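Enquirer: Read off the chains here:
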Amino acid sequence: MNSIVCISQVPDTESRIKIAADGKKIDEAGLKFIVSPYDEFALEEAIRLKEAGGGDVTVITFGPDRASQALRECLARGATKAMHIKGDSSDADSLGIARVLAAAIKSVPFDLVFLGKQGVGTDNSLVGPMLAELLDLPQLNVVTHLEIGDGKLTAHREIEGAEEILESSLPAVITAQKGLNEPRYSSLKGIMAAKKIAIETKSVGDLGLNDADIFNQRVKVVSMDLPAEKSVGRKIDGSDPAAAAKEILRYIREEAKAL
Amino acid sequence: MADVLVVCESKDGKLKKSSKEALSIGAKLAASLSGKLVAFSAGGGAGELAAETGKYGAAKLVAMTEASLDRYSTEAACAAVKAVVDEVKPAVLLFSATSNGRDLAPRVGARLGVGVASDVTALEISGGKLRARRPNYSGRVVVTVEIDGAPAIATCRPNAFPIEERGGAASEVSEMAAPSTQPRAVLIETKMPEAGELSIAEADIIVSGGRGLKEAANFSYIRDLAHAINGAVGASRATVDAGWIDHQHQVGQTGRVVSPNLYIAAGISGAIQHLAGMSSSKHIVAINKDAESPIFRIADLGVVGDLFTILPALTEEVKKAKEHH
Ligand SMILES: Cc1cc2nc3c(=O)[nH]c(=O)nc-3n(C[C@H](O)[C@H](O)[C@H](O)COP(=O)(O)OP(=O)(O)OC[C@H]3O[C@@H](n4cnc5c(N)ncnc54)[C@H](O)[C@@H]3O)c2cc1C
Ligand SMILES: Nc1ncnc2c1ncn2[C@@H]1O[C@H](COP(=O)(O)O)[C@@H](O)[C@H]1O
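So the sequence lines, in the order shown, correspond to chains A and B. Each residue of the first sequence is one higher than the one before, starting from 5 at the first, in the working numbering. Each residue of the second sequence is one higher than the one before, starting from 799 at the first, in the working numbering.
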């Protein structure tokens, strides 16, 4: 089983986010970058399939120079190959990113393509289904459980208050949700082994793509703002439970107009 | 020709609430574009939604009534929406940011070669173009984007857009045949949770519990209030990780993003990743024994006290209030 895992590098979720001087991007100065948390579930699943039945796990990212660090981390956890498409992915929209990934994937044999259900931070949840469409493959989205059979797979998908069970032929595109597995940490042995693996580096041009197609900004950022400050609410003493309950109920009925 | 097309979802022959919201904002956008609002629905009962879609302003309802479309399939739905877009040629195409809307919209976007803005909380037409607002980085910044493309696509976050009835006549129904497809991924089974349990995804009221509950069995304090008040049960990640409750209930960055009318948080400290999932709730009540807890910074009504005494008292008050109705 050969798998491809698309990895996005994002600011650490604990980061203090500042808006850059142009008012359209975040200021990257001083930010720590990590593998997007859902991509860790995607990677773990691919590594487990490789451990069970052999094959390659190729991690691919489209991003600036710093993104190679994310690929190193994935190699240390057990990915076997890595490809870095260099470019400022923050200037591309989701369809542009999906086009880059689709072109990069063409040269790699695979049975499954894994992504995270969303890149944490920008929270678009777009690249997975877009990539599936560009590759003309079935998609299994927000997957919490996966079983691979002979030429087909069974996936559990989380929907509003319920769970769906789907079957699909292979190859297919899968987006990972929390719960799919428990991702491992990298070991020292893994980190050393990863150092021996070369990361294949390409530009958007090497993939035969036009910049205009990738960076044409179908979805263009007009401005980034801090959210409107919420006016500070009221705080009451709850040491008398009955009185507190009455005040909460009054609030619920009169102000929230619920009930 | 600047029409707005809304892909609707229905259940038991009725529009889902999220679709009423998408139609309501769609009607506003159509007015700004001097175009009309067109609804699309697929599945056996699709044609019978005309009275409802009309009420929310849709002049026309495109219906694909093949029963094969009753069960959602990404590939079949994508082909269907593509066919309707080719026919209607809308300037704006809206979906709800429900599980299926989020699954379908990007696939349709890629098929049409146009951009998609997902999970948006506000939409307007500015200079003839569709503009959307969406929170980023756990709500720490709000991004305004302009969507180019014919059509411009957006998915609307449930509960973010008010439902507005326009008192219109039933939509004119136009039946269309579904394009034939051979989906490779097919839905085999839907597993429903215990009967009567409301999902947090679209609930108007959510009662959430955190580690302050101390143990799994104490989620009964949350369930009792949720039941009395007709709300859904939410949870912090700490309680989900501890195995006290299923992940379906988790609110936050790695759970669901919700924006109910009323969110009651009990025994939840208010970590940034939790706030990311609920800070856009319209009314927030927090109960926590620690007066310095960060949850109080976003609560409209903060109650400093013990959840084990306040929640039962509140549940009783709610029950009494309902009896008087
Ligand atoms: C990448 C990442 C993603 C995450 N995603 C999420 C997410 O999606 N959702 C999420 O919730 N968290 C998420 N977290 C975890 C988050 O950082 C917090 O650890 C978590 O929200 C804490 O849960 P809690 O508020 O229930 O527990 P605690 O922080 O332990 O708070 C318990 C609270 O209960 C109060 N309390 C105790 N006893 C009582 C009592 N008797 N009466 C009243 N109050 C009482 C305490 O004062 C305290 O404030 C994420 C973390 C990371 C790193
Ligand atoms: N620049 C990128 N390079 C590689 N994979 C990406 C990139 N951006 C997004 N992805 C993948 O697409 C998933 C969904 O991202 P998004 O649509 O941005 O929320 C991520 O979890 C990654 O698996």
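What the hints contain is simulated information worked out from the structure, not anything from laboratory work. Please read these numbers as outputs of a predicted model, since none were measured by experiment. Heads up, the beta-carbon is just placed ideally off N, CA and C, and yes, glycines get one too. Treat the hints with caution; some may be incorrect.
Subject to a maximum C-alpha distance of 25 Å in a straight line, what follows is the list of computed BS3-like cross-link-like pairs (lysine-lysine) [stated by the list, open to error]:
id: 1; chain 1: A; residue 1: Lys261; chain 2: B; residue 2: Lys1120
id: 2; chain 1: A; residue 1: Lys250; chain 2: B; residue 2: Lys927
id: 3; chain 1: B; residue 1: Lys927; chain 2: A; residue 2: Lys239
id: 4; chain 1: A; residue 1: Lys28; chain 2: B; residue 2: Lys927
Quick list of the computed label-pair ranges, beta carbon to beta carbon [said to hold, decoys possible]:
id: 5; chain 1: A; residue 1: Ser243; chain 2: B; residue 2: Gly925; range: 53 to 61 Å
id: 6; chain 1: B; residue 1: Gly811; chain 2: A; residue 2: Ser94; range: 22 to 30 Å
id: 7; chain 1: A; residue 1: Asn220; chain 2: B; residue 2: Gly925; range: 15 to 23 Å
id: 8; chain 1: A; residue 1: Asp31; chain 2: B; residue 2: Pro977; range: 41 to 49 Å
id: 9; chain 1: A; residue 1: Ser173; chain 2: B; residue 2: Gly965; range: 43 to 51 Å
id: 10; chain 1: B; residue 1: Ser924; chain 2: A; residue 2: Asn214; range: 27 to 35 Å
id: 11; chain 1: B; residue 1: Ser924; chain 2: A; residue 2: Asp215; range: 25 to 33 Å
id: 12; chain 1: A; residue 1: Ala202; chain 2: B; residue 2: Ser832; range: 55 to 63 Å
id: 13; chain 1: A; residue 1: Asp229; chain 2: B; residue 2: Leu985; range: 39 to 47 Å
Enquirer: For every hint, state whether the structure bears it out.
Expert: These are the hints, each one checked on the structure:
no.	hint	result
1	A/Lys261 x B/Lys1120	holds (14 Å)
2	A/Lys250 x B/Lys927	violated (48 Å)
3	B/Lys927 x A/Lys239	violated (43 Å)
4	A/Lys28 x B/Lys927	holds (18 Å)
5	A/Ser243 x B/Gly925: 53 to 61 Å	holds (56 Å)
6	B/Gly811 x A/Ser94: 22 to 30 Å	violated (45 Å)
7	A/Asn220 x B/Gly925: 15 to 23 Å	holds (18 Å)
8	A/Asp31 x B/Pro977: 41 to 49 Å	holds (47 Å)
9	A/Ser173 x B/Gly965: 43 to 51 Å	holds (48 Å)
10	B/Ser924 x A/Asn214: 27 to 35 Å	holds (29 Å)
11	B/Ser924 x A/Asp215: 25 to 33 Å	holds (27 Å)
12	A/Ala202 x B/Ser832: 55 to 63 Å	holds (58 Å)
13	A/Asp229 x B/Leu985: 39 to 47 Å	holds (40 Å)
When held up to the earlier numbered hints, the structure conflicts with 2, 3 and 6 and fits the remainder.
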